[in-house]
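J.: Residue numbers (our numbering), protein chains in the order written: chain A, 1 to 405; chain B, 1 to 405.
Bear in mind the hints are in silico, worked out from the structure with no lab data behind them. Just so you know, not all the hints are guaranteed correct.
Said to hold, decoys possible - Residues from chain B that face chain A, not an exhaustive set, calculated with beta carbons under 7 Å:
id : residue
1  : Y20
2  : P24
3  : V29
4  : H32
5  : N33
6  : G55
7  : T60
8  : S98
9  : A243
10 : P244
11 : D267
12 : G268
13 : A272
14 : A319
15 : A321
16 : A349
Unchecked claim - In the SDA-like style, the derived pairs of lysine to any residue whose C-alpha atoms are separated by at most 25 Å in a straight line are:
id : chain 1 : residue 1 : chain 2 : residue 2
17 : A       : K19       : B       : K167
18 : B       : K167      : B       : G218
19 : A       : K75       : B       : I44
20 : A       : K49       : B       : V40
21 : A       : K49       : B       : T329
22 : A       : K341      : A       : G400
23 : B       : K162      : A       : P7
24 : B       : K167      : B       : G217
25 : A       : K309      : A       : A283
26 : A       : K167      : B       : L13
27 : A       : K284      : A       : K341
28 : B       : K19       : A       : P2
29 : A       : K198      : A       : W255
30 : A       : K164      : B       : K167
31 : B       : K309      : B       : R380
32 : A       : K167      : B       : F3
33 : B       : K167      : A       : L13
34 : B       : K162      : A       : K341
35 : B       : K19       : B       : A345
36 : B       : K167      : B       : E192
37 : B       : K164      : A       : G400
38 : A       : K385      : A       : A354
39 : A       : K49       : A       : P39
40 : A       : K164      : A       : H147
Positions of the beta carbon are idealized from the N, C-alpha and C atoms, including for glycine.
2 protein chains.
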Amino acid sequence: MPFDFSPFFNRTLPGPSGKYGGFPTFNFVGGHNDPDGVPVDDLIAAATKTLQRDGRDLATYGMRSGPQGYLPFRKAIAGLLKDRAAMDITEDQVLVTSGSLQALDLVNEVLLERGDTVVIEAACYGGTMTRLARLGVNWVGVDLDAHGMRMDHLREVMDGLKAKGIKPKYIYTIPTVQNPTGSILPEERRREMLEIAKAHDVPIFEDDCYADLIWEGGRPPAIQALDTEGRVIYCGSFSKSIAPALRLGYIVADWPVMSRLLAVKSDGGTGALEQMVMSEYAAKFHEHVDALNLRLRGKRDAIVEALAKEFGTTAEFTAPAGGIFVWVTLPEQIDTTHLAKIAGAEGVAINPGAEWVADPETGRHSLRLCFANPPIETIREGIAKLAEICHREYGVPVRGANTQR
Amino acid sequence: MPFDFSPFFNRTLPGPSGKYGGFPTFNFVGGHNDPDGVPVDDLIAAATKTLQRDGRDLATYGMRSGPQGYLPFRKAIAGLLKDRAAMDITEDQVLVTSGSLQALDLVNEVLLERGDTVVIEAACYGGTMTRLARLGVNWVGVDLDAHGMRMDHLREVMDGLKAKGIKPKYIYTIPTVQNPTGSILPEERRREMLEIAKAHDVPIFEDDCYADLIWEGGRPPAIQALDTEGRVIYCGSFSKSIAPALRLGYIVADWPVMSRLLAVKSDGGTGALEQMVMSEYAAKFHEHVDALNLRLRGKRDAIVEALAKEFGTTAEFTAPAGGIFVWVTLPEQIDTTHLAKIAGAEGVAINPGAEWVADPETGRHSLRLCFANPPIETIREGIAKLAEICHREYGVPVRGANTQR
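Produce the complete structure using the sequences and hints provided.
T.: Structure (structure tokens):
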């Protein structure tokens with residue numbers, strides 16, 4: 001008779017996980033990237049060089065660099081953010097984290113209490129909302145248009161909260177390659193967001209984890225770069241630009257916040273080998289990302305063409321100028337939570353929209369499709385299969401691939 | 001005028017961290033290891049081989065192995081635990097964590113609620129108690145002797161709790177190279193602990209993170225290996241046996257607990273490169289640990305000799321049969337929290353006993369000295385300096401290095 005742990009579990013736990021069943025045949029979920037885009041040989045060279053130089057330092061927690069992370073890596077991050085996001089920072093403002101998910105957790109732990117309110121985008125990274133829900137924190141969504149968060153609606157939301165006597169703990173935004181809509185917030189709106197935040201005396205939490213992946217138009221300066229008051233806490237990641245299985249993210253913050261983040265980062269440091277390798281590889285970062293973006297653009301083209309071909313006018317979407325996902329809205333008769341179940345059972349994994357919006361009702365007919373991981377031929381087959389399933393279950397699309405179904 | 005974050009902080013935060021000031025000259029704190037013990041060349045070879053084979057898989061979260069960790073690494077861990085701790089487990093029972101600190105956090109998150117009680121050893125890893133305090137969990141200490149936790153006192157503690165209507169959530173133990181006392185719990189006591197846990201119907205949480213570092217006497221079977229009911233949640237680490245800056249620990253648990261651990265491990269996985277490298281390096285693990293233990297035994301000898309020489313009978317301690325620290329008790333007039341401050345200011349870092357015991361009062365005259373990191377000459381100088389400071393501040397030791405002070 002095995003020991004029964006169930007009476008011992010924390011009563012606020014989420015439900016148990018299911019067993020891992022392997023990758024679905026047509027995998028349009030998760031922030032996976034293109035296996036052909038991993039710079040394997042260069043990573044081997046970087047690992048060899050950095051271990052030869054500093055391998056002995058692995059014997060000490062923090063690699064003699066302190067709890068903020070390996071010093072050469074923090075310097076490399078500061079340099080990349082200067083080049084790519086116009087951020088004028090030093091390594092002392094950088095905290096290396098185990099992916100940007102830990103960045104979210106640490107910032108939330110420092111700022112949030114049960115019952116607090118935060119402002120987010122009306123369509124938003126699902127993992128952010130899962131975290132907020134687990135912390136007992138309320139959120140209010142700000143509407144998006146093709147250029148990201150609408151500043152008129154942000155004003156309205158902030159005024160509305162103020163009228164209720166609620167001061168949000170932060171405005172959370174993914175301004176550059178917004179998740180899930182893929183929009184890029186123009187510089188004017190970034191400045192406007194800072195003004196609104198100032199008028200309401202609240203911080204901004206800028207999550208820029210997809211910002212390196214842009215192939216059309218430039219990358220605007222980070223909101224952090226436009227901020228003259230230190231109001232912005234910034235986080236980023238190498239998960240999307242190098243490889244998600246390397247758990248390397250970072251937070252940029254000034255000492256008053258940094259000292260609090262450090263006090264709750266009780267993990268003994270982020271993996272040093274990955275930091276060492278990436279600090280060595282950083283010199284090739286720009287070149288690598290250019291090549292990766294070409295590759296991702298090709299896949300974006302493939303999925304957009306497949307959607308047009310298979311779904312025709314049934315699927316509404318904007319072809320994203322960067323990133324790894326496209327946000328699609330289907331006709332009203334299609335509930336994507338239901339569709340995700342049916343399609344999942346047939347090997348087509350999609351993110352139902354309800355999990356990626358501030359108000360689940362508004363995402364009922366939408367879905368997020370990630371396109372970086374599957375080969376182009378698999379993308380085409382998967383979208384065709386998804387259209388077939390939609391046709392079979394909901395009667396639309398009526399025509400696909402130029403033939404009546 | 002910089003933005004003031006202070007009104008926004010979570011009110012239950014610990015105080016801010018201080019700025020990192022570099023390594024102290026005589027560093028007797030922290031789980032650092034010997035830089036000469038890091039197998040740098042073998043790690044380079046392992047990194048090269050594993051990246052050549054599986055580097056492309058870095059493009060996917062979880063390396064196509066699911067959320068429990070890289071499959072070859074989990075298999076390697078299961079194999080090592082069979083060889084070294086007599087544990088009969090499979091890779092399905094292994095969850096790779098970012099160091100054993102994350103293992104503590106995950107197990108605590110799954111089992112503990114504010115107001116709960118747990119049973120620990122009367123002298124205990126400081127980080128365990130810091131975590132419990134932050135979670136609002138109470139602890140009761142069980143007395144130790146030269147062989148670890150005293151089973152007569154465990155019975156007494158459990159009966160006492162029962163009389164008060166309190167059922168502890170787990171018995172936490174570091175049975176093998178106990179932290180900070182260095183003792184190794186004999187197999188009979190391990191079996192007795194299982195019986196007591198059974199009689200009181202409570203789980204055991206076995207923290208074996210130092211267990212590979214034994215140079216005198218054998219390593220007893222893990223408590224997990226003696227458990228026939230699945231009552232034990234086990235954790236371990238490669239931090240002490242390979243390198244602390246590699247953040248690689250693991251939990252061994254059956255599916256009812258594993259499924260709950262997975263549901264709260266929302267970090268996107270533990271760093272894959274470190275898992276890959278260690279899975280490749282695992283074949284050399286036994287040989288490496290044998291060599292490392294010889295090295296550590298040499299340092300243990302050095303610190304024990306230095307303590308005898310400089311402190312004479314003023315310092316009470318048992319030379320540990322493994323691990324990286326020695327637990328020293330000084331005369332009553334010496335408050336080690338005070339000593340730690342004075343010595344710290346003069347470049348000698350020590351762990352004051354009050355932070356490493358269940359009841360701070362019982363540790364007032366004790367201290368933990370970690371000896372793995374400093375070179376042998378530095379150990380000697382540091383202990384001499386510590387004795388000088390004690391003599392100057394407290395009048396003892398009166399004699400040191402065979403001369404009157």
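J.: Please name the hints from earlier in the document that this structure breaks, with their numbers sorted from lowest to highest.
T.: 2, 3, 14, 15, 16, 17, 18, 21, 24, 25, 27, 28, 30, 34, 37, 40
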